[in-house]
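Q: Next come the chains, spelled out residue by residue.
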Amino acid sequence: MTDRRLYDMEVADLERLMRGLPRREPSADLRRRVLAAGAVTRRPLAQARPALAAAALAVLLALDLIVVTIQDRQFARILPAPPAAMVAAAPAPDHDLAWLRELGLPDESVAVAALRRQEVGRDTYFSLRDSLLANGSGG
Amino acid sequence: METSRVLEAADMKRGERAVSARPVDLGEAYDAYAAPLYRYILTLVGSEEDAEDALQEVFLAVGRTGLQHIRDVQPYLFQTARRQAISLLRKRRRRAREPEVAAQLSWIDIEACPVEDRALAIDLGRALQSLPPDQREVIVLHLSEGFTFREIASLCGIPGNTAASRYRLALGKLRDALKGDAS
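Sequence order for the protein chains is A and B.
At position 61 of the first sequence the residue is numbered 61 (this note's numbering), and the sequence of numbers has no breaks.
At position 54 of the second sequence the residue is numbered 54 (this note's numbering), and the sequence of numbers has no breaks.
No wet-lab data here; the hints were simulated from the structure.
Quick caveat, the model's predicted, so the values are computed rather than measured.
No residue lacks a Cβ here, since even glycine has one placed at the ideal position from N, Cα and C.
Please note that a few of the clues may not be correct.
In silico contact screen, one side only, chain A against chain B (beta carbon under 10 Å); selected entries [as the list claims (entries may be wrong)]:
1) Glu10
2) Pro22
3) Arg24
4) Glu25
5) Val67
Pairwise CB distance ranges (calculated) [to be verified]:
6) Ala28/A / Glu116/B: 46 to 56 Å
7) Arg83/B / Ala37/A: 14 to 24 Å
8) Asp53/B / Ala51/A: 27 to 37 Å
9) Ser27/A / Pro75/B: 17 to 27 Å
10) Ala56/A / Gly157/B: 40 to 50 Å
11) Arg150/B / Arg32/A: 16 to 26 Å
12) Glu111/B / Ala54/A: 46 to 56 Å
13) Leu63/A / Asp53/B: 24 to 34 Å
14) Asp53/B / Ala56/A: 20 to 30 Å
15) Arg31/A / Ser130/B: 27 to 37 Å
16) Val67/A / Gly157/B: 55 to 65 Å
17) Ala58/A / Asp53/B: 34 to 44 Å
Let the sequences and hints guide you as you build the complete structure.
A: Structural data, given as C-alpha cells:
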C-alpha cells in the first residue's frame with residue numbers, strides 16, 4: 001500500500017480494511033490442553049444431584065432397617081419363650097409368617113407367632129411388639 | 001493484495017457470530033467460542049502466552065460450573081474472559097520489576113497476510129496496541145467479532161453512547177497513526 005493510499009484512507013475504508021484482514025486462531029494444542037484439564041475438573045453439582053439423592057435414600061433405608069432389626073431383637077428377647085412342648089407341637093411357620101424369619105427373629109419368636117397364627121397377622125404382631133416394648137414386660 | 005480485494009473480503013459474510021445453539025459440553029463450547037474469545041483476550045493483553053493461559057482459565061471455569069444454568073452463553077463467556085484479561089493486566093502491573101511483556105499482538109494474523117499487506121498489518125497492529133485498553137477493546141469487539149455497540153456497552157458496563165464514541169475516537173487515532181507511519 002502506497003503512502004498516498006494510506007493518506008487518502010477514510011475511516012469507513014479503514015473499518016472495512018481491518019475487517020478483511022486475516023485473524024488469529026488459538027493453537028490446536030491449546031484445545032487439547034483445555035479439554036484434558038477440563039476432564040479432571042469436578043462434575044457440576046447439578047449433574048451429581050441425582051446420584052447424591054440415591055445415596056442419601058440408600059443410607060436412610062439402611063438406617064431404618066438397622067432400627068427395625070434392633071427393635072425386633074429386643075422384642076424377641078422380652079417375649080417369653082413358649083414351652084418346648086408347644087414349640088415342638090406348633091405347625092411349621094407358613095408362608096404368611098416367613099417374613100418373621102426374614103426380620104432375623106429367632107425361631108422361638110417365630111414359633112410363638114405361629115402358635116397364634118389364627119389371630120396374629122402382621123398388624124397384630126407389631127401391635128403386640130409395641131405393647132411389649134412400651135410396657136417393658138413379656139406377653 | 002489490492003485494497004479493493006481486502007475490502008471485498010471484508011464484505012463477505014464471516015459467519016463468526018452464527019453461534020446460537022447452546023453447547024452441550026466443553027468441547028462444543030470450545031469449538032464455538034474459543035477463537036473469538038482468544039482474539040479478544042489477545043488484543044487486550046498483547047501476549048500469546050498470556051492469552052492462552054487466560055483462555056484456558058475461562059474454559060476450566062466452564063468445565064467446573066457448566067453452561068446449563070447460563071441464559072446467554074456468549075455474554076457470559078466474554079465477561080469471564082474480560083475478568084481474566086483484566087486480572088492478568090493487573091498482575092503484570094504489580095510485577096513492575098520484571099521485564100515488560102511485549103504487548104504488541106492483536107487479533108490480526110500478520111503471518112497469514114499476503115506479503116504485500118504485511119507492512120500495513122504490522123503498522124495496524126502497532127497502532128492498535130498504542131490505543132488505551134478501553135478503546136482497543138471496543139475496536140476488537142466491533143471490528144473483529146461483530147459486536148453491536150449495545151452488546152459492547154453491556155459487556156463493559158458502560159452506556160451505549162460511550163461505547164460508540166470510544167470506537168469513533170479509536171478509529172480516528174488509528175487512521176492518524178497510519179498516516180503518520182506513511183508520511
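Q: Take the hints in turn and mark each one as holding or not.
A: Consistency of the hints with the structure:
| no. | hint | in the structure |
| --- | --- | --- |
| 1 | Glu10 | 8 Å, holds |
| 2 | Pro22 | 4 Å, holds |
| 3 | Arg24 | 4 Å, holds |
| 4 | Glu25 | 5 Å, holds |
| 5 | Val67 | 38 Å, violated |
| 6 | Ala28/A / Glu116/B: 46 to 56 Å | 28 Å, violated |
| 7 | Arg83/B / Ala37/A: 14 to 24 Å | 19 Å, holds |
| 8 | Asp53/B / Ala51/A: 27 to 37 Å | 33 Å, holds |
| 9 | Ser27/A / Pro75/B: 17 to 27 Å | 25 Å, holds |
| 10 | Ala56/A / Gly157/B: 40 to 50 Å | 42 Å, holds |
| 11 | Arg150/B / Arg32/A: 16 to 26 Å | 36 Å, violated |
| 12 | Glu111/B / Ala54/A: 46 to 56 Å | 54 Å, holds |
| 13 | Leu63/A / Asp53/B: 24 to 34 Å | 48 Å, violated |
| 14 | Asp53/B / Ala56/A: 20 to 30 Å | 39 Å, violated |
| 15 | Arg31/A / Ser130/B: 27 to 37 Å | 32 Å, holds |
| 16 | Val67/A / Gly157/B: 55 to 65 Å | 57 Å, holds |
| 17 | Ala58/A / Asp53/B: 34 to 44 Å | 43 Å, holds |
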